[in-house]
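Q: Using the sequences provided together with the hints, build the complete structure.
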Amino acid sequence: MIITMSVNAERKDIQNVKSKIEQLGYATKLFQGEKKTVIHVIGVTEREKLIKAVESMPGVENLVPILRPFKMASREFHPENTVISVNGKKIGNEDIIVIAGPCAVESEENYLEISDLVKSAGAKFLRGGAFKPRSSPYSFQGLGEKGLEIMARARERTGLSIVTEVVSEVDVPLVYKYADVFQIGARNMQNFQLLKTVGRFDKPVMLKRGMSATIEEWLMSAEYILAEGNPNVLLCERGIRTYERYTRNTLDISAVPVVDDLSHLPVIVDPSHASGDSKYVRSLAKAAIAAGADGLMIEVHTDPSRALSDGKQSLQPDAFMTLMDELRRVAQAIGRRL
Amino acid sequence: MLVVMHKNARPEEIDRVCNRIKEMGLTAHPIPGAQRVAIGITGNKEMIDTNRLAGMSGVLDIIHVTQPFKLTNREMKAENTIVTIGKADFGAGGTTVIAGPCAVENEEQYMSVALSVKKSGAAMLRGGAYKPRTSPYAFQGLGEKGLQIMARAREQTGLAIVSEAVDTDTFDIVEEYVDMIQIGARNMQNYSLLRRAGRSPKPVLLKRGISSTIKEFLLAAEYIMSEGNYRIVLCERGIRTFSDYTRFTLDISSIPELKKLTHLPVISDPSHASGRRDMVIPLSRASIAAGADGLIVEVHTDPEQALSDGAQSLTVPMFDIMMQEIGIITQTIKEYNGKMHEGGNA
Numbered sequence: 001m002i003i004t005m006s007v008n009a010e011r012k013d014i015q016n017v018k019s020k021i022e023q024l025g026y027a028t029k030l031f032q033g034e035k036k037t038v039i040h041v042i043g044v045t046e047r048e049k050l051i052k053a054v055e056s057m058p059g060v061e062n063l064v065p066i067l068r069p070f071k072m073a074s075r076e077f078h079p080e081n082t083v084i085s086v087n088g089k090k091i092g093n094e095d096i097i098v099i100a101g102p103c104a105v106e107s108e109e110n111y112l113e114i115s116d117l118v119k120s121a122g123a124k125f126l127r128g129g130a131f132k133p134r135s136s137p138y139s140f141q142g143l144g145e146k147g148l149e150i151m152a153r154a155r156e157r158t159g160l161s162i163v164t165e166v167v168s169e170v171d172v173p174l175v176y177k178y179a180d181v182f183q184i185g186a187r188n189m190q191n192f193q194l195l196k197t198v199g200r201f202d203k204p205v206m207l208k209r210g211m212s213a214t215i216e217e218w219l220m221s222a223e224y225i226l227a228e229g230n231p232n233v234l235l236c237e238r239g240i241r242t243y244e245r246y247t248r249n250t251l252d253i254s255a256v257p258v259v260d261d262l263s264h265l266p267v268i269v270d271p272s273h274a275s276g277d278s279k280y281v282r283s284l285a286k287a288a289i290a291a292g293a294d295g296l297m298i299e300v301h302t303d304p305s306r307a308l309s310d311g312k313q314s315l316q317p318d319a320f321m322t323l324m325d326e327l328r329r330v331a332q333a334i335g336r337r338l
Numbered sequence: 339m340l341v342v343m344h345k346n347a348r349p350e351e352i353d354r355v356c357n358r359i360k361e362m363g364l365t366a367h368p369i370p371g372a373q374r375v376a377i378g379i380t381g382n383k384e385m386i387d388t389n390r391l392a393g394m395s396g397v398l399d400i401i402h403v404t405q406p407f408k409l410t411n412r413e414m415k416a417e418n419t420i421v422t423i424g425k426a427d428f429g430a431g432g433t434t435v436i437a438g439p440c441a442v443e444n445e446e447q448y449m450s451v452a453l454s455v456k457k458s459g460a461a462m463l464r465g466g467a468y469k470p471r472t473s474p475y476a477f478q479g480l481g482e483k484g485l486q487i488m489a490r491a492r493e494q495t496g497l498a499i500v501s502e503a504v505d506t507d508t509f510d511i512v513e514e515y516v517d518m519i520q521i522g523a524r525n526m527q528n529y530s531l532l533r534r535a536g537r538s539p540k541p542v543l544l545k546r547g548i549s550s551t552i553k554e555f556l557l558a559a560e561y562i563m564s565e566g567n568y569r570i571v572l573c574e575r576g577i578r579t580f581s582d583y584t585r586f587t588l589d590i591s592s593i594p595e596l597k598k599l600t601h602l603p604v605i606s607d608p609s610h611a612s613g614r615r616d617m618v619i620p621l622s623r624a625s626i627a628a629g630a631d632g633l634i635v636e637v638h639t640d641p642e643q644a645l646s647d648g649a650q651s652l653t654v655p656m657f658d659i660m661m662q663e664i665g666i667i668t669q670t671i672k673e674y675n676g677k678m679h680e681g682g683n684a
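Residue numbers (my numbering), protein chains in the order written: chain A, 1 to 338; chain B, 339 to 684.
Some clues are possibly wrong.
List of simulated lysine to any residue pairs, SDA-like, C-alpha gap at most 20 Å [said to hold, decoys possible]:
no. : chain 1 : residue 1 : chain 2 : residue 2
1   : B       : K383      : A       : E244
2   : B       : K360      : A       : Y138
3   : B       : K553      : A       : E244
4   : A       : K119      : A       : Y138
5   : A       : K196      : B       : S473
6   : B       : K383      : A       : D180
Keep in mind that the hints were calculated from the coordinates and are not lab data.
Keep in mind that this is a model prediction, so the values were computed, not measured.
A: This is the structure in structure tokens:
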């Protein structure tokens with residue numbers, strides 16, 4: 001619910017409305033505009049009761065209920081785009097960001113080499129998994145903290161910011177020490193404890209869509225993070241599971257404009273996981289930018305055939321370089337920058 | 339890799355093989371069977387040098403398990419695993435039914451459902467104390483208070499209780515109260531939670547993720563088993579498809595497929611699969627007919643007033659009818675299997 005106070009509402013009117021709402025058990029957030037104050041009410045379960053209690057209070061101009069189940073994530077709640085700032089780089093404005101790197105951090109030498117290459121191609125962020133959620137308990141599970149240390153050295157050397165996945169709420173404080181952006185993977189999109197935990201930290205969160213999640217469920221998961229007080233959520237479409245077998249997943253390209261319509265949060269696309277095949281990454285990446293995505297997350301490896309995970313979907317550095325040139329032209333054509 | 343021991347292998351021979359496996363830097367999982375002991379080996383990155391094991395006394399055979407799931411695989415253990423919890427057992431040939439409301443709402447409500455389902459023949463009680471809800475603003479369950487209510491219902495009815503653990507933070511407390519820990523569909527790939535469940539002395543009810551393949555489902559069970567907990571019951575609860583008349587689509591073929599691939603018991607959840615009360619009874623019948631070892635069914639004394647999932651909860655009289663029908667099907671299958679066995683056509 002959004003409550004707009006009239007131009008001549010006094011401070012005590014605002015305070016009274018705020019107290020009344022809090023008495024009913026809801027949290028509030030005040031936005032002080034140039035002329036008017038707007039009060040956001042969070043987590044309304046009994047809308048009629050709230051309207052009745054507040055609508056005739058002095059100073060109240062109007063009440064707009066947010067009908068969608070996601071509130072803080074909705075456009076109605078926050079009409080302008082959210083722009084996330086990471087070490088001076090912006091996500092969600094006219095700039096298109098590219099996050100690149102290997103699926104998993106395997107060794108320092110290999111990681112630094114890839115970092116230098118993706119930087120020279122124009123990527124602004126580095127990806128890399130230190131904690132890997134693997135379907136099998138016997139598969140390579142990542143280097144853990146050692147992997148994070150390697151990523152931190154790559155950041156020092158290249159100046160790029162790092163995005164890395166956290167797979168369990170107990171690891172959040174550790175990953176916080178190293179990462180610039182937390183990644184919540186598709187398998188954990190509904191790991192509510194993990195969502196709440198990253199919601200209490202002051203670093204941005206990139207939330208990947210679950211492989212069979214509806215857009216509404218995805219935005220509800222973003223809501224879990226926002227409701228804990230972390231406003232910097234970046235959404236990432238990474239393909240959904242369908243009956244089609246030629247690609248690992250099916251990129252839901254329409255999710256990009258739909259999310260843009262429903263939410264103020266920036267949205268990027270991961271063409272590597274969506275296709276599972278480096279052959280198709282180029283086309284999907286261009287399509288994503290053309291559809292209005294705020295960025296891309298792409299897997300790059302110097303020797304994909306030897307990668308410890310997801311080699312098949314990783315681009316080689318020269319292919320990545322060519323792709324970045326192409327993407328620049330697509331971005332330009334739609335009035336954006338890369 | 340699986341080391342199959344001779345029928346009359348001595349315990350010290352088994353110990354010696356386990357120790358050799360440990361010396362090789364691997365993990366040994368002795369699996370006692372009706373006829374003989376088998377020892378599962380996990381933790382290998384490359385091919386194992388089987389020569390170091392093949393000549394040892396008591397060793398009959400070494401089998402390479404080709405599928406990625408090892409300990410859960412029927413190749414590792416031919417006989418059904420029977421998970422016994424109080425008076426309930428899963429995988430022993432009968433139909434074991436877990437029933438109760440979706441969420442524990444208050445003591446009066448819970449007791450009333452518990453006594454009713456017991457009367458109709460339920461073997462265990464279900465109930466959510468910690469609820470994983472899509473919305474952060476929806477009813478999240480009563481927490482420990484809910485578990486206390488369930489514990490009192492156990493005292494009154496003598497039935498064992500199962501409830502969901504939604505994260506590692508609250509796992510300990512759920513573990514303390516319940517007889518069986520449920521891992522829900524949303525958490526089927528929450529690997530830290532699976533590992534924690536693997537270190538629990540309590541059996542685990544593992545639900546299939548809404549879009550997971552059978553292989554991913556068995557690998558999730560493998561996470562639990564690889565930590566040492568072998569008492570797992572698998573639960574098919576419907577997968578997400580394009581069909582929109584039901585909440586999910588019950589993957590009925592997963593039941594015979596799982597029974598073939600794994601030795602673990604398999605039950606079905608017709609309530610979540612359909613999301614519709616009127617479909618719970620036919621899907622229950624179909625599940626048992628397809629070979630499920632049991633069911634988990636939502637029952638509420640007043641479904642219209644339920645705080646969650648009311649539309650899929652059976653009323654008490656409906657549950658009673660369901661139990662009678664299930665009894666007849668179970669009996670028929672047993673008799674049929676008996677006859678097939680006698681005739682030698684099985």
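Q: Could you grab the alpha-carbon distance between A:K119 and A:Y138 and see if it respects the 20 Å cut-off?
A: Violated, at roughly 33 Å.
Q: With the threshold set at 20 Å, check whether the alpha-carbon distance from A:K196 to B:S473 stays at or below it.
A: holds (12 Å)
Q: Is the hinted pair B:K383 and A:D180 satisfied, with a Cα-Cα distance of at most 20 Å?
A: violated (33 Å)
Q: Has the given pair, B:K383 with A:E244, been kept, meaning a C-alpha gap of at most 20 Å?
A: Violated. B:K383 to A:E244 sits at ~32 Å, over the 20 Å cutoff.
Q: Run the distance test for B:K360 versus A:Y138: straight-line Cα separation, threshold 20 Å.
A: With Cα atoms ~16 Å apart, B:K360 and A:Y138 stay inside 20 Å; holds.
Q: Need the status of pair B:K553, A:E244: alpha-carbon distance at most 20 Å?
A: Roughly 18 Å between the alpha carbons, so the hint for B:K553 and A:E244 holds.
Violated hints for the displayed structure, listed by number in ascending order: 1, 4, 6.
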